[in-house]
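Residue numbers (the numbering used here), protein chains in the order written: chain A, 1 to 300; chain B, 1 to 300; chain C, 1 to 300; chain D, 1 to 300.
Hints in this document: simulated from the structure, not taken from any laboratory. We put the CB at the ideal spot given by N, CA and C, even for glycine. Some hints could be false.
To be verified - Sample of chain C residues with no beta-carbon within 12 Å of chain A, all distances over it, derived:
1. Ser79
2. Leu100
3. Lys124
4. Cys152
5. Gly235
6. Arg259
7. Gly268
To be verified - Result set (DSS-like, lysine-lysine): computed pairs, CA atoms no more than 27 Å apart in a straight line:
8. Lys106(A) to Lys106(D)
9. Lys106(A) to Lys106(C)
10. Lys106(D) to Lys124(D)
11. Lys124(A) to Lys106(D)
12. Lys124(B) to Lys106(B)
The lines below spell out each chain.
4 protein chains.
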Amino acid sequence: MALVEPVTQRRTARLRALLHDPSLTFLMEAHNALSARIAQEAGFPALWASGLTISAALGVRDSNEASWTQVLEVLEFMSDATTVPILMDGDSGHGNFNTLRRLIRKLEQRGIAGVCVEDKLFPKTNSFLRADRQALAGVDEFCGKIRAARDCLLDGEFVVVARTEALIAGRGLDEALRRAEAYRRAGADAIVVHSKQPEPNEAFAFTREWADRLPVVLIPTRYFATPANAFREQGVSAVIWANHLLRGSIVRMQEIAERIRREESAAGVEAAIAPLAEVFRLQGDDELEEAERRYLGGPS
Amino acid sequence: MALVEPVTQRRTARLRALLHDPSLTFLMEAHNALSARIAQEAGFPALWASGLTISAALGVRDSNEASWTQVLEVLEFMSDATTVPILMDGDSGHGNFNTLRRLIRKLEQRGIAGVCVEDKLFPKTNSFLRADRQALAGVDEFCGKIRAARDCLLDGEFVVVARTEALIAGRGLDEALRRAEAYRRAGADAIVVHSKQPEPNEAFAFTREWADRLPVVLIPTRYFATPANAFREQGVSAVIWANHLLRGSIVRMQEIAERIRREESAAGVEAAIAPLAEVFRLQGDDELEEAERRYLGGPS
Amino acid sequence: MALVEPVTQRRTARLRALLHDPSLTFLMEAHNALSARIAQEAGFPALWASGLTISAALGVRDSNEASWTQVLEVLEFMSDATTVPILMDGDSGHGNFNTLRRLIRKLEQRGIAGVCVEDKLFPKTNSFLRADRQALAGVDEFCGKIRAARDCLLDGEFVVVARTEALIAGRGLDEALRRAEAYRRAGADAIVVHSKQPEPNEAFAFTREWADRLPVVLIPTRYFATPANAFREQGVSAVIWANHLLRGSIVRMQEIAERIRREESAAGVEAAIAPLAEVFRLQGDDELEEAERRYLGGPS
Amino acid sequence: MALVEPVTQRRTARLRALLHDPSLTFLMEAHNALSARIAQEAGFPALWASGLTISAALGVRDSNEASWTQVLEVLEFMSDATTVPILMDGDSGHGNFNTLRRLIRKLEQRGIAGVCVEDKLFPKTNSFLRADRQALAGVDEFCGKIRAARDCLLDGEFVVVARTEALIAGRGLDEALRRAEAYRRAGADAIVVHSKQPEPNEAFAFTREWADRLPVVLIPTRYFATPANAFREQGVSAVIWANHLLRGSIVRMQEIAERIRREESAAGVEAAIAPLAEVFRLQGDDELEEAERRYLGGPS
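Isolated chain A (complex conformation) (with noise of 0.2 Å):
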């Protein structure tokens, strides 16, 4: 598919328009080439690649079990299926400002838009996971990892997002603004403030004092009963579905799963799953079909 369809960089040039739009930009997640072919069809703007639903594609924990370049082999494949631009999750970098300037390099190879990267350790545990294993990095070498990646780009337009995880970790509002505030001056172009709380009150406290001195995006997974137009009252940049696609087909995989299993029959379930050809269509089949008579010319 991604044969007919010009990989450009002008893809980051997109993603930093979205971010810098007054209107408020949903996200979706993906976590391989399909979800996000799914999530491009069904009209998001821009892909979040998510770290914890690719690890979760891969079998593995949400702890930089996959090594970069194998979430790099992931990304590479969602973007040649897609072509809205996709924020990479970087975790906290993969490791030092030297390792994030690389996964960068190979990132604007590839076609991808932009990363946002944690202020947390490698390797990093989830932010929903064990509070007490939430350290944060230092003020100083964070905003270091900020220049070195902003200081390497090929592409200036390739979008720097800088995550902070102050609420995660329970340092506080006024943390996260003096941590935002660092990442600003040292070149993020765009900030995540997460949090885990079941309302927004935290990060809209976080939205307000900030008074947009750099576009803001939230996560809202536990928050998200959140309706959109109090994320654009606060004057929110972009929301990110960070792990629904994924989500919803656990459900369905194992309902399936298990009806097939009892009924030792897939007749139930025919009515309710994508044709073949819909599969085919997906991998844009028909591109290949009319390529073979280009070039094969006959029947081989």
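Starting from the known structure of chain A, fit chains B, C and D onto it as the hints suggest.
Frame of chain A, contents of chains B, C and D only:
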């Protein structure tokens, strides 16, 4: 998760036993580690690593667009996330007899239980597409592949399944029987006879004539409505549900993506998607939490 | 090292210019990033990423035993470590026209300047081995490959070289000329005519008849004694030293390994091997040292 | 080549025996499959997969710029091309205890005999560079790594070597001894004490005090002039020639590249480089030629 469960070669013996057992076995498709884990938890005693669904998940066509080592990496994650035997859809062997030998060596190392090789050319075309391009490999060349596969095994229990596409290619029952017999003599452990008819007549005509010279495996993607007992009456050894988890997940992801997009909120789908705790459970996070206590001591 | 030198697409234009320039160009073989760096430092304006030597360095046969993505990874490291254009030995394209398109897309992303594709089957056999297995691809099928290669380019400067093995396969000069002309019409940018004769007569017979319809590239592995001016007189565009760094390193590593083994000491070889400082220099460690000062501040 | 020689787990037992044997063993560095094959043919009973030379061959810095899975792939080719045991230079374990567990699981699958882990941070800095950045890991944290490594083994013979960089970091003999003892109690199979002095005094001060509580392995890159018998008198178990094949190949490749460039001809070096037949022999082409006769029948 795999860290606490030894990946042993014994999966090969278990797959072999399932195929030779007089009772009917069902294999469920998996296209990544997560779907493999789900299929195992649903009770399937063995898995089918499908070429179609793995390529679809990767966003490429079922025409060997992913290299054999890229597919191998998917298989390795699947193997690490499960304990039941996995039969790999090896397409036409990714080249000649020597390519197949290399593939098998790597499958053995990664704990895969067997490979199914089909008598088509490289690169392959999906059996349900472009009937006019379904050319078959020469019988001698394909028998050479099977002999090479058997001769290179380190673990004699590794299963080599030969799949004939004679019916797919419109070459008729006699050709299918002639080829299956040749593959049996070359050392195949079981035979897949593939059919794209919406009824099992063609496949069952084969099983009747074949008379159980080797275990027969069927893939009723098109004749899904056939009852399990009909397979039993034909003495079929195993049935593969070759793409159902992927097809189910496509519909569900499309629904979720579209609804969240339309409603600008994830609130409407929250009840229908797996909770985060279920994602963490499927990743085996409990083992890591315990290991962190054991090896890291107090919180870092 | 690559971190400070932009990997641009402009290498494609430079390779194209070298081939069309009336002066004779020499390309040196490289089989990994280190040998590529050394060849560049010695002054070669372009590199040949050899299928034979890359496979030998990987410890596998020159018969497409390494998958195309494994070879691609070697190429990516080579590209990152250099700034001169690299021409990839693409064997027979690792499959059909579609496989070649995928390869080229990935080569473009990784900053490789061109690919050379030969009119043999997949998997290939090295041209100096087993004359009885050097079967040629059909002309129409191979021309389809070249057309597909040209049509899929994002960067129109990317170089597609067509290599005919007609002389290797014993098919004679007329067949070589007929094929080269067909490949030219299909869109090739240059022609490699390969010969295993110890004298250049066969190759020069081709260049005389060919009359410079497209740039001609020769690989005088066997007719190495031919003086440079003889190539110039024939109007040859480029000469590839296709395996010399690897072959030199083999002898030296064998000598060193045997001597250290025999003497139970490395003292005897110390003067003849590169100092550690030279290893660090070739790795570009100076850039990292400076970057650590810039981004890490004081010693950690 | 690996196709005819089983890759068994028994290499682990052989490496273990070599380390515990009272006689002095020499390990030769290898940085890819070819150099590994050459070192084995020269008679070395075991190989050292060096972090420095593998990174140099890949064109990156010895600072964990290559991901652990990229290094693993190099190791896999090395393992496939040899039969002697390989000890991997595992740097600081590529992260924490859990990353090390994952690495070890993959090393076991690929037939690697053991891993050497050093008490530095991630990403590491080469021991001969930037003395001011050679910070050590905490003793407790590093002992947790060793315990985790031992606990996760499927093959109890797999060798876990602990390397202390206390002398490199300028922390003195007492610290080196204290750490080595802690690592012994945590389950290490052998100790590497690294020194960058041009004389072995520092290392030998360690061996005298250590009194053979566990086998000691030394890496005399700087004190290369020490005679073998001096190591024997100290009861040293093994000596690693850690980078000599690569350093020898660098000089030779530089000479050849420069000479061919200057002379515009390869004629001058032909006598000094391996003949093509030697390249094919090292690749194990004879096995493939025979297999083609067996499995392909007549020439295709």
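We went through each hint and held it up to the structure:
In this structure serine 79(C) is not separated from chain A by more than 12 Å, as the shortest Cβ-Cβ distance comes to only about 9 Å. Not every CB of chain A lies more than 12 Å from the CB of leucine 100(C), the least distance being 10 Å, so the non-interface label is violated. Once the 12 Å rule is applied to beta carbons, lysine 124(C) is consistent with being away from chain A; the minimum gap is 19 Å. The Cβ of cysteine 152(C) does not lie farther than 12 Å from every Cβ of chain A; its closest approach is about 6 Å, which violates its non-interface assignment.
A cut-off of 12 Å between C-beta atoms confirms that glycine 235(C) is not in contact with chain A; the least separation is 32 Å. Interface exclusion of arginine 259(C) from chain A stands, the closest Cβ pair being 37 Å apart, more than 12 Å. Interface exclusion of glycine 268(C) from chain A stands, the closest Cβ pair being 37 Å apart, more than 12 Å. A threshold of 27 Å between alpha carbons decides the hint, and for lysine 106(A) with lysine 106(D) the separation of about 24 Å falls inside it, so the pair holds.
The straight-line distance between the Cα atoms of lysine 106(A) and lysine 106(C) is roughly 12 Å, inside the 27 Å bound, and the hint therefore holds. Taking the CA atoms of lysine 106(D) and lysine 124(D), the gap is near 21 Å; set against the 27 Å cutoff, the hint holds. Of the supplied pair hints, the one linking lysine 124(A) and lysine 106(D) holds, its CA atoms being roughly 21 Å apart against a limit of 27 Å. For a cut-off of 27 Å, the pair hint linking lysine 124(B) to lysine 106(B) stands: about 21 Å separates their Cα positions.
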